[in-house]
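S.K.: Chains as they are written, first to last, in this note's numbering: chain X, 8 to 531; chain R, 89 to 404.
Derived from the structure by calculation, the hints contain no laboratory data. Mixed in with the good hints, there may be bad ones.
Said to hold, decoys possible - Below 25 Å or equal to it, Euclidean Cα-Cα: the simulated DSS-like pairs (lysine-lysine) are:
#	chain 1	residue 1	chain 2	residue 2
1	R	Lys265	X	Lys215
2	R	Lys309	X	Lys134
3	X	Lys101	X	Lys125
Said to hold, decoys possible - Across the chosen pairs, the derived CB separations fall in these ranges:
#	chain 1	residue 1	chain 2	residue 2	range
4	X	Gly446	R	Leu267	54 to 64 Å
5	R	Val385	X	Ala316	51 to 61 Å
6	R	Ile93	X	Ala385	32 to 42 Å
7	R	Gly262	X	Ser278	29 to 39 Å
8	R	Asp164	X	Glu212	43 to 53 Å
9	X	Ala300	R	Val226	55 to 65 Å
10	X	Asn160	R	Trp150	51 to 61 Å
11	X	Asn160	R	Leu161	45 to 55 Å
12	X	Thr388	R	Ile392	15 to 25 Å
Just so it is clear, CB atoms sit at the ideal spot from N, CA and C, and this is done for glycine as well.
Chain by chain, the residues:
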Amino acid sequence: MKNLFDLGFRLMGAFLLVLTSFTITGIGFAKTPDNVLVVGQIAEPKSLDPATVTAVNDFRILMNVYDGLVRYKDGTLEVEPALAKSWKISSDGKTYTFDLRTGIKFHDGSSFDADAVKFNFDRMLNKDHPYHDTGPFPLSFFFSAIESVDVVNANTVSFTLNAPYAPFLSNLAYPTGLIAAPSAIKSKGKDFGRNPVGTGAFKFESWKANESVIVSRNDSYWDGKAGTEAVVFRPITDGNTRVAEMLSGGIDMMVEVPPVSLSSFSGNKFSVVEQAGPHVWFLILNAKEGPFANKKVRQAANYAINKKAIVQDVLEGTAAIAAGPTPPAFAWAYNDSLQPYPYDPAKAKALLKEAGVSGAKLTFYVTQGGSGMLDPVAMGTAIQADLAAVGFDVEIKTFEWNAFLGEVNPGLEGKADMAEMAWMTNDPDTLPYLALRTGAWPDKGGFNSGYYSNPEVDKLLEAARSSTSQSERAKLYKKMQEIVQEDAPWVFVANWKQNAVTSDKVNNFSLQPSFFLILKDVTK
Amino acid sequence: MTKYILTRLVFAVPVLLGVTLVVFIILSLIPGDPATAILGSYATPDNVERLNAQLGLDKPLWQRYFIWLTNLLNGDFGRSYSLNRPVLDEILERLSATLVLSGTAFVLCSVLGVVLGIISSAKQYEISDKIITLFVIVGISIPSFFLGMMMILYFAVHLSLFPVSGMYSLYGGGDFKDLVSHLIMPAATLAVVSTGVIARLSRSAMLEVLRLDYIRTARAKGANERIVVFRHALRSAIINILPILGLQAGFVLSGAVYIEIVFQWPGLGRMLVDGILARDIMLVQGGVIVVAFLYVVFNMTVDIMQLILDPRVSKN
Chain X
8 MKNLFDLGFR LMGAFLLVLT SFTITGIGFA KTPDNVLVVG QIAEPKSLDP
58 ATVTAVNDFR ILMNVYDGLV RYKDGTLEVE PALAKSWKIS SDGKTYTFDL
108 RTGIKFHDGS SFDADAVKFN FDRMLNKDHP YHDTGPFPLS FFFSAIESVD
158 VVNANTVSFT LNAPYAPFLS NLAYPTGLIA APSAIKSKGK DFGRNPVGTG
208 AFKFESWKAN ESVIVSRNDS YWDGKAGTEA VVFRPITDGN TRVAEMLSGG
258 IDMMVEVPPV SLSSFSGNKF SVVEQAGPHV WFLILNAKEG PFANKKVRQA
308 ANYAINKKAI VQDVLEGTAA IAAGPTPPAF AWAYNDSLQP YPYDPAKAKA
358 LLKEAGVSGA KLTFYVTQGG SGMLDPVAMG TAIQADLAAV GFDVEIKTFE
408 WNAFLGEVNP GLEGKADMAE MAWMTNDPDT LPYLALRTGA WPDKGGFNSG
458 YYSNPEVDKL LEAARSSTSQ SERAKLYKKM QEIVQEDAPW VFVANWKQNA
508 VTSDKVNNFS LQPSFFLILK DVTK
Chain R
89 MTKYILTRLV FAVPVLLGVT LVVFIILSLI PGDPATAILG SYATPDNVER
139 LNAQLGLDKP LWQRYFIWLT NLLNGDFGRS YSLNRPVLDE ILERLSATLV
189 LSGTAFVLCS VLGVVLGIIS SAKQYEISDK IITLFVIVGI SIPSFFLGMM
239 MILYFAVHLS LFPVSGMYSL YGGGDFKDLV SHLIMPAATL AVVSTGVIAR
289 LSRSAMLEVL RLDYIRTARA KGANERIVVF RHALRSAIIN ILPILGLQAG
339 FVLSGAVYIE IVFQWPGLGR MLVDGILARD IMLVQGGVIV VAFLYVVFNM
389 TVDIMQLILD PRVSKN
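Required output: the full structure, derived from the provided sequences and hints.
M.R.: What follows is the structure, encoded as C-alpha cells:
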C-alpha cells in the first residue's frame with residue numbers, strides 16, 4: 008500500500024511538472040492556414056438539405072453550397088437571375104417560365120437541368136414522390152401556391168400557380184428554394200442532409216458533429232471562382248466563448264456578436280460590420296378584449312414606451328427604432344414618410360384619460376430567448392417600467408421559447424393582453440399577410456394572435472399579393488403601413504441590425520440585408 | 089464474484105427502464121413540441137399538426153414509448169428529428185469526447201483530492217492543512233462555468249498558451265499533443281469542484297480513523313508517522329473514500345454538460361441540452377440511456393472495489 012501511494016505522489020508530481028512546463032513554454036497550437044476562412048457560427052447546423060431546414064444559422068452555410076433559380080441582388084432584397092437566366096410571367100400572374108443557364112454541373116458531376124428543378128419541387132410538395140420521405144419539409148408552405156412544375160425542354164421549366172402570388176420570386180430566392188442534386192438525394196436518401204451536393208461556389212467536404220463543417224472552393228463555379236480555398240464553419244454556442252475565440256485568433260469571422268462585447272473589437276485588428284435586415288421586433292396587443300380593444304389605449308402604449316432607450320441602452324445600438332410593421336430593409340416597399348411614435352408619456356396619459364382607462368392590469372408574455380428575439384427579458388422589463396410610468400399595472404409571465412410559441416401562436420384571448428414577438432421575412436408580403444389580416448386569426452391558421460381586423464388592410468394585402476407589378480405592390484404596402492401604424496395593433500419597437508466581426512486579414516466582406524452570409528468574394 | 093456482477097447487471101435493467109420512462113414522460117409534459125421547435129415563428133396550429141404527423145408524433149404517448157422501446161431492444165435508437173440522422177451515430181460520435189474529458193477530470197480530481205485530503209488530515213490544524221482547506225473551499229465555491237470563462241480569458245486570450253475551445257485544431261492538429269493542449273483547461277475546470285469535495289471528505293474519513301485506538305497503539309509502539317498514516321490509517325479509510333469517488337464520477341459526468349458548453353467540447357452533454365431545447369425525445373432518450381448506463385457501471389465498479397478492499401464485506 009505504501010508503495011502505491013508513493014507512486015501516486017510521484018505521478019502527481021510528474022503531472023504538475025508537465026503542466027508547469029506547458030505553461031512556461033506554451034504549447035504551439037496550429038492556427039488556420041492562409042486562404043482558409045474560419046467562421047464562428049452560433050450553433051451546430053441541423054441539416055444541410057435546403058428543403059428541410061428552418062434556421063438562419065443553417066442558411067448561412069447553405070447559401071454558399073447551393074444556388075437557387077434566382078437570388079437577391081448584392082446589398083438588396085430585390086431578385087436577380089441565378090441558375091435561371093431570365094423568366095417570363097404570364098399576364099394572369101399564374102405561370103412563371105424560367106430559361107435556365109446551360110452547362111452547369113452539380114458538385115458530384117451530374118448536370119443541372121429542368122428535370123432537376125422539377126425533382127426538387129416535386130420532392131417537397133408531392134406526397135407521392137418517391138423521395139418525399141426524405142423530409143419533413145417544414146417550410147414547404149412557401150411554395151404551396153405551386154400547382155404543377157413542368158419541364159418544357161431541358162433548359163426551360165414552368166411553374167403553374169393556383170392563384171397569382173407576387174412573393175413567389177422572392178420565395179424562390181429563399182434557402183427553401185435552393186436546388187439540390189437529384190442524383191445525390193437518390194443515392195443518400197435521408198442522409199442527404201449530412202452529405203449535401205449543390206451547384207454553389209463552395210462544395211461540401213466534411214461535417215464533424217459539434218466541431219466543424221468544411222466546404223472547399225468549387226473551381227468550375229459559373230459565376231467566378233471564390234476568393235478563398237475553403238471555409239470552415241465552427242459552431243460555438245456560447246457567445247462569450249465565441250468572442251474569446253475571435254480575440255485569440257482562433258476564428259477569422261464571427262456573426263451575432265453579443266451587444267455588450269462589441270467594445271472588445273474597437274481596435275484596428277478587427278472590423279465590425281453592421282447591416283439592418285428584414286426584421287421587426289414588436290408587441291402584439293390583444294385587440295379583442297381588455298384595455299387594448301380600444302385604439303386610443305393601443306396608441307397610448309406606443310407613446311409610452313421609450314424605444315430610443317431600449318435600442319441604445321438595452322441593445323447597445325444593435326437595432327434601430329421601428330416605425331411600422333414593415334422593416335426599412337424592404338426599401339422598395341417601405342413607406343419612409345412614416346415617423347415612429349415619439350416617446351411622449353404625457354400624450355399617453357392624455358389618451359388613456361380620453362379612453363377612460365386608468366390603472367389597468369395587464370398580463371404581458373415575455374420569452375427568455377428565441378430566434379430574432381434579441382434581449383427579450385431586459386426589453387420586457389424596460390417596457391414594463393415605461394408602461395407603469397403612465398399608470399398601467401403590468402404583470403410579466405416568462406416562458407422558454409418553445410413553450411412561449413405554444414402559448415402565443417394559438418392567440419392571446421383569455422390569457423394575456425400583450426406578448427413579445429419578432430419576425431424575419433424575405434418579402435414584405437409575409438409578415439402582414441400572416442399576422443395582420445382578419446383571415447389570419449389563429450383559428451383560421453394564421454399568426455394574428457392579437458385579433459387585429461381592418462377590412463381595408465385585408466383588401467390592400469390581397470391586392471398586393473396578386474399584383475405582378477412591383478411599383479403597384481409598393482403603393483399598396485405603403486398605404487397599408489400608414490393604416491396599420493395609425494391603428495396600432497402592435498407596439499412597433501425595433502429593427503435589428505445584424506452584426507459581424509472580421510479580423511484584419513479578411514477583406515471584401517459585407518453583410519446582406521437578407522441576413523444570409525455570402526462568402527464567395529471574401530478573401531483572406 | 090461473477091454471479092454478483094451478473095445480478096447487479098440484471099438489477100440495472102429496471103433502473104434504466106425507469107429512467108427512460110421518467111425522461112419520456114417529462115419531455116412529453118413540458119410545453120412545446122418538436123414541430124413547434126422546428127417551425128419557430130412559422131408554428132401555426134395547422135403547420136404544427138402537419139409536421140407532427142410527418143414526424144410520427146400524432147400517436148398516443150404510451151404507443152410512442154413502446155414503439156421506441158421495441159426498436160431499442162432491436163438495437164435501433166431511432167432517428168433524431170432535430171439533427172436528421174440516426175441517434176446512435178450521433179451518440180457514438182460524441183461519447184468518446186465526453187469520456188476523454190470526464191475521464192481525465194476524474195483521474196485528476198481523485199488523485200489530487202485524496203492526496204490533499206491525506207495531507208490535511210495528517211497535518212491537522214497545521215499551516216499546510218489551513219492552506220489546503222482555503223484552496224479547497226474556494227474551489228468548491230467558484231461556479232465552474234465562471235472559472236472556465238476566466239481561464240479562457242487569461243490563459244487563452246491574454247497569454248495565448250492554450251486554444252480557446254474545441255477538441256482538436258481544425259488544421260494540422262489531430263495528434264496527442266494537440267488533444268492535450270485542448271484538454272487541459274476544460275479538464276482542470278471540471279475537476280476543481282470534485283477535487284475540493286473529495287479532499288474535504290477524505291480528510292474527515294482519515295481523521296475518523298486516526299482517532300481510533302489501534303492508531304494510538306501503532307504510534308505508542310513507535311511506528312513511523314508515515315507508516316501510521318499510509319499503512320494503518322489509509323487502508324481502512326479508503327473503504328469510506330471509495331463511495332465518494334463513485335459519487336464524484338457521476339458528478340463529473342453531469343458537470344461536463346456546462347463545461348462542454350463553455351469550451352465547445354463536442355460531447356454528449358452539449359447534445360443533451362440541444363436535444364431538450366429542440367424537444368427531440370429520441371436524441372435525449374438515447375443520450376440519457378447511455379449516461380444512465382455509465383452511472384450504473386461506475387456504481388457497480390465502486391461496489392466491487394469495496395468488496396475487494398474490505399474484508400468484512402467480502403466475507404458476507
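S.K.: Each of the hints needs a verdict: does it hold here or not?
M.R.: How the hints compare with the structure:
1. R:Lys265 with X:Lys215: holds, 20 Å
2. R:Lys309 with X:Lys134: violated, 88 Å
3. X:Lys101 with X:Lys125: holds, 17 Å
4. X:Gly446 with R:Leu267: 54 to 64 Å: holds, 58 Å
5. R:Val385 with X:Ala316: 51 to 61 Å: Because 55 Å falls inside the window, the suggested range holds.
6. R:Ile93 with X:Ala385: 32 to 42 Å: Given range 32 to 42 Å: violated, Cβ gap about 54 Å.
7. R:Gly262 with X:Ser278: 29 to 39 Å: holds, 32 Å
8. R:Asp164 with X:Glu212: 43 to 53 Å: This hint is violated: roughly 30 Å between Cβ atoms.
9. X:Ala300 with R:Val226: 55 to 65 Å: With a Cβ separation near 58 Å, X:Ala300 and R:Val226 satisfy 55 to 65 Å, so the hint holds.
10. X:Asn160 with R:Trp150: 51 to 61 Å: With Cβ atoms ~54 Å apart, the hint holds.
11. X:Asn160 with R:Leu161: 45 to 55 Å: Since the Cβ atoms of X:Asn160 and R:Leu161 sit about 53 Å apart, the hinted range of 45 to 55 Å holds.
12. X:Thr388 with R:Ile392: 15 to 25 Å: violated, 54 Å
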